[in-house]
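*Asks:* Read top to bottom, the protein sequences are chains A and B. So the number in our numbering is just where the residue sits in the first sequence, counting from 1, plus 106. So the number in our numbering is just where the residue sits in the second sequence, counting from 1, plus 106.
Quick caveat, the hints were computed from the structure, so don't treat them as lab data. C-beta atoms are modelled at their ideal positions from N, C-alpha and C, and glycine is treated no differently. Careful, some of the hints might be misleading.
[What the hints assert, rightly or not] Chain A side only, calculated, beta carbon under 8 Å to chain B, not exhaustive: (1) Val402; (2) Gly492; (3) Ile540.
[Claimed, not checked] 25 Å max Cα-Cα, derived BS3-like pairs, lysine-lysine: (4) Lys175/A with Lys406/B; (5) Lys552/B with Lys350/A; (6) Lys552/B with Lys498/B; (7) Lys403/B with Lys175/A; (8) Lys567/A with Lys580/A; (9) Lys511/B with Lys469/B; (10) Lys409/A with Lys180/B.
[Stated by the list, open to error] Label-pair distances were calculated between CB atoms; the ranges are: (11) Leu269/B with Gly454/A: 38 to 46 Å; (12) Lys559/B with Gly454/A: 46 to 54 Å; (13) Asp318/B with Pro541/A: 17 to 25 Å; (14) Tyr313/A with Ser359/B: 54 to 62 Å; (15) Leu477/B with Ser379/A: 54 to 62 Å; (16) Glu427/A with Lys315/B: 50 to 58 Å; (17) Glu436/A with Gly468/B: 49 to 57 Å; (18) Ser379/A with Ile264/B: 36 to 44 Å; (19) Asn311/A with Arg118/B: 27 to 35 Å.
Now for the letters of each chain:
Protein chains: 2
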Amino acid sequence: MSESPLARESYRGLSAAEFFYRNREIAGFSNPVRALYQTVRELVENSLDATELHGILPDLKVFIELGDKPDRVKVRVEDNGVGIPYDEIPNVFGRVFYGSKYVIKQSRGVFGLGIKMAVLYAQITTGTPIYVMSATPYSPVIAEYKLMIDISKNRPIILHERLRRKNRKWHGTIVELTIEGNWPQARRRVEEYIRRTAIITPYANIYFKSPDSELIFKRLTKVMPPPPKEAKPHPYGVDVEMLKMLIRSADKSLTLKDFISSTFEGVGEGIASNFMKWCKLNPYKKLSKLTLDDIVKLAKFMKEYPNWRRPRPLSLSPIGEDLLRRGIKEILGAEYVAAVTRKPSSYGGNPFVVEVALAWGGKIQPSDKPLLFRFANKIPLLYDEGADVSRKVIDNLDWSNYKVKFPAPLAVLVHVCSTKLPFKGVGKEAIADIPEIEKEISNALKECGRRLKAHITMVEKIHEKARRKVHFSKYIGEVARALSEITGLPSEKFADKLLKILSEELGEEVKVSEVH
Amino acid sequence: MSESPLARESYRGLSAAEFFYRNREIAGFSNPVRALYQTVRELVENSLDATELHGILPDLKVFIELGDKPDRVKVRVEDNGVGIPYDEIPNVFGRVFYGSKYVIKQSRGVFGLGIKMAVLYAQITTGTPIYVMSATPYSPVIAEYKLMIDISKNRPIILHERLRRKNRKWHGTIVELTIEGNWPQARRRVEEYIRRTAIITPYANIYFKSPDSELIFKRLTKVMPPPPKEAKPHPYGVDVEMLKMLIRSADKSLTLKDFISSTFEGVGEGIASNFMKWCKLNPYKKLSKLTLDDIVKLAKFMKEYPNWRRPRPLSLSPIGEDLLRRGIKEILGAEYVAAVTRKPSSYGGNPFVVEVALAWGGKIQPSDKPLLFRFANKIPLLYDEGADVSRKVIDNLDWSNYKVKFPAPLAVLVHVCSTKLPFKGVGKEAIADIPEIEKEISNALKECGRRLKAHITMVEKIHEKARRKVHFSKYIGEVARALSEITGLPSEKFADKLLKILSEELGEEVKVSEVH
Chain A
107 MSESPLARES
117 YRGLSAAEFF
127 YRNREIAGFS
137 NPVRALYQTV
147 RELVENSLDA
157 TELHGILPDL
167 KVFIELGDKP
177 DRVKVRVEDN
187 GVGIPYDEIP
197 NVFGRVFYGS
207 KYVIKQSRGV
217 FGLGIKMAVL
227 YAQITTGTPI
237 YVMSATPYSP
247 VIAEYKLMID
257 ISKNRPIILH
267 ERLRRKNRKW
277 HGTIVELTIE
287 GNWPQARRRV
297 EEYIRRTAII
307 TPYANIYFKS
317 PDSELIFKRL
327 TKVMPPPPKE
337 AKPHPYGVDV
347 EMLKMLIRSA
357 DKSLTLKDFI
367 SSTFEGVGEG
377 IASNFMKWCK
387 LNPYKKLSKL
397 TLDDIVKLAK
407 FMKEYPNWRR
417 PRPLSLSPIG
427 EDLLRRGIKE
437 ILGAEYVAAV
447 TRKPSSYGGN
457 PFVVEVALAW
467 GGKIQPSDKP
477 LLFRFANKIP
487 LLYDEGADVS
497 RKVIDNLDWS
507 NYKVKFPAPL
517 AVLVHVCSTK
527 LPFKGVGKEA
537 IADIPEIEKE
547 ISNALKECGR
557 RLKAHITMVE
567 KIHEKARRKV
577 HFSKYIGEVA
587 RALSEITGLP
597 SEKFADKLLK
607 ILSEELGEEV
617 KVSEVH
Chain B
107 MSESPLARES
117 YRGLSAAEFF
127 YRNREIAGFS
137 NPVRALYQTV
147 RELVENSLDA
157 TELHGILPDL
167 KVFIELGDKP
177 DRVKVRVEDN
187 GVGIPYDEIP
197 NVFGRVFYGS
207 KYVIKQSRGV
217 FGLGIKMAVL
227 YAQITTGTPI
237 YVMSATPYSP
247 VIAEYKLMID
257 ISKNRPIILH
267 ERLRRKNRKW
277 HGTIVELTIE
287 GNWPQARRRV
297 EEYIRRTAII
307 TPYANIYFKS
317 PDSELIFKRL
327 TKVMPPPPKE
337 AKPHPYGVDV
347 EMLKMLIRSA
357 DKSLTLKDFI
367 SSTFEGVGEG
377 IASNFMKWCK
387 LNPYKKLSKL
397 TLDDIVKLAK
407 FMKEYPNWRR
417 PRPLSLSPIG
427 EDLLRRGIKE
437 ILGAEYVAAV
447 TRKPSSYGGN
457 PFVVEVALAW
467 GGKIQPSDKP
477 LLFRFANKIP
487 LLYDEGADVS
497 RKVIDNLDWS
507 NYKVKFPAPL
517 AVLVHVCSTK
527 LPFKGVGKEA
537 IADIPEIEKE
547 ISNALKECGR
557 RLKAHITMVE
567 KIHEKARRKV
577 HFSKYIGEVA
587 RALSEITGLP
597 SEKFADKLLK
607 ILSEELGEEV
617 KVSEVH
């Protein structure tokens, strides 16, 4: 293996599966603790997407079992979702960069990568395949597979395949994986993840069983937010490459104007006409006649046109202020909660909604900076807080403007939902600092902050009144006795009157916990 | 676009280029500030790898120019490296998951991905190709290309190609890209990145020119650390998949024993024999006869065998305690620096070395927790500190054990080098918390901490002495006069004698800045 210093380097290509096999840390599979947590997450999030996004009330079962050796951990997740067509199962679990996630709507899964990483990790660490059982609602069969991944070819290896007739109405997916994991150390995070998931999906039944614990979350409501709809791309999010791809898959006999009015979010006949007039391209040119130069110009004009409609949030499914407030009160036992769901905004043509809640007092322990609870498309984020845009915004805010002096009993919940969350890594743990998102979080915090300030001010006043009342009360007996001696009337009468005056003056004592 | 709730989902595959095009944030291309920073980094790091790893003293030129619009930024980097063979240039710049980085040795580049991300980003944001000019040392030609990436096929598009005869001895690579960037906001980080790069590569000439600044770093030494050698895989890092790949590319007529003694790091005849005896597999079985079951067993035994040699650090190139100490003194103007280069260690068969320096006092401003300067394979890391293993270890250390009470004037430099750095993202900004690395950082910190404690103790003693000296000095005049009056002798004499006694008693006052 000796090298001459200026030897020609050797070059080669990798398959996508080999790339992620070599770099599993970037998907969160960095050690047996984190890998176990990540595996649970990926399976649970797929199950929630397979139910909730299709209007099915989720029934999830999650099992953690230890294997013959203590570091071999079996993870099994069962759901009642839409299932996967049997002929797609091998690719969905056995081919990196293959999936159903590549559409424009809010979902927990974004990369279509997590489950393949879990399969790779099982394969590398324990040499075992993934077991999958699945049926779609209208399929006559239930499919069972055992699968591994051919890493150098990025193709599924089918070790076992069985289709059997479906006798009952069951649909859903059951997945089972055995990985090298460290359950004792992962336990706290995994349970916390399940707990926070339950809080943000109160319409789900979640049953969780581990060697050390059993958690049962019964659904609190049967009302689900309407499932997000698939959106078209927004003109502001268009670039040359996207345009090329859209044109490639369109009917080539369409005119430019018809293509625009039929392809993009919030663009109808009228807006398309106005845009064509503004950009001065020929609206009747057929797609088949467009040159590369036309496409480059078109992309530029689409980015610059000032009169597109804002992206609509139909493809989004935020939690809502009410649920947010209830959620955080339940988690934290706070004295006061202010919650805000901001109006939809967008970055690069992707709609997003920011929701923020500030929780104050009660059982919250005072700390030197606000506690932070992060959610992204209803996924709880537990790792890498320091790299998240929310932490940055919170730490940069001047909290003294809102009468918060640290150490203070303050917690912040931030939920960002979008058709395209700008995660910093494929492990989905931190959101990047996109300026538009930063600004929305900041505005939401300020809005909540102002309410919190009003609350703190009110509480201060109440305390001040209460303090004065106590202060005066001490003297009432004495004053009443003095008046009694002077007038010869009974002192109780004076005391009552004085108390009445005092109450009128200072207002009724209001219990802090009733203030909202 | 209406959907029936239980509609069959549609599935499809993505090319690797399309995946990263859609998810550019995970490679650090999240906004025009960060993307500009990331582009500079990728080009500079490729240039340093192309020189230093081949024993060439680096001469780098970096130019930032603003285009016709203020948000169009041209980045140009020139180096005197080994160049790229002309027939490899299109794939190296135009195909995701293709490169020369997939070997086992320390290098700045690890994913072979950054430059393609920069090409994609230029293409998406400004519609312009990358310009490349390159020549290898022994090639008779200089090649010039303009390239883009066919995103849906993950293949280079050659817009311009020219080979011309090389008249002079030049070799190296020049790369030029025009991207959408925000120079005013990126400036501080880019310059800081260049500055820290210069500090950790004192044998490089780096010239940096931007619209607002010109930075010139002349090399301080012509002595370069020996270039890291390419290593074989270590048996502890083996898994079933790796074994399969190694066997696939080996001579099938080899016996198992010969395969093992020729393929793995630190394994010769003797160790291979001992291992074969221990694992009880047939050492004379030909590779062509191995079953999958044999391979699974072999992988398991290789992981469990207790007597492999530790991975050697020949494939690594740490900075060394001396350079580390000089570097940090120069950056920070510290009063005291303790530096440690730990012995090589390994995780999952990958050798790594941790280097730590603690800098104390001098010009370092006191802060509530230690300032942190992170380097990974000689790359300065400026973003995502909160997600980095070093921050975690530093924050968990009980600094009071080392007489450090915060706020304190303390800075920590951590350099991790490895043939495989477990970065958390392809943007290469934070190192994951691999337990072995965590432990090494912790031990290095403690080692430095003990030295710092000795220093602080010594300084305290000196100050105490100095304080006592000052204290006594005040009374010397008076005592001398009193003695003079009693004895009738001149008071100066007594004063001199008393001062002499004092100095002997308390030792010479030592200047703090001289203590090392």
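*Asks:* None of the hints should be skipped; say for each whether it holds.
*Replies:* Hint check:
no., hint, in the structure
1, Val402, "5 Å, holds"
2, Gly492, "1 Å, holds"
3, Ile540, "6 Å, holds"
4, Lys175/A with Lys406/B, "13 Å, holds"
5, Lys552/B with Lys350/A, "57 Å, violated"
6, Lys552/B with Lys498/B, "14 Å, holds"
7, Lys403/B with Lys175/A, "16 Å, holds"
8, Lys567/A with Lys580/A, "20 Å, holds"
9, Lys511/B with Lys469/B, "17 Å, holds"
10, Lys409/A with Lys180/B, "21 Å, holds"
11, Leu269/B with Gly454/A: 38 to 46 Å, "39 Å, holds"
12, Lys559/B with Gly454/A: 46 to 54 Å, "52 Å, holds"
13, Asp318/B with Pro541/A: 17 to 25 Å, "22 Å, holds"
14, Tyr313/A with Ser359/B: 54 to 62 Å, "56 Å, holds"
15, Leu477/B with Ser379/A: 54 to 62 Å, "59 Å, holds"
16, Glu427/A with Lys315/B: 50 to 58 Å, "52 Å, holds"
17, Glu436/A with Gly468/B: 49 to 57 Å, "52 Å, holds"
18, Ser379/A with Ile264/B: 36 to 44 Å, "39 Å, holds"
19, Asn311/A with Arg118/B: 27 to 35 Å, "32 Å, holds"
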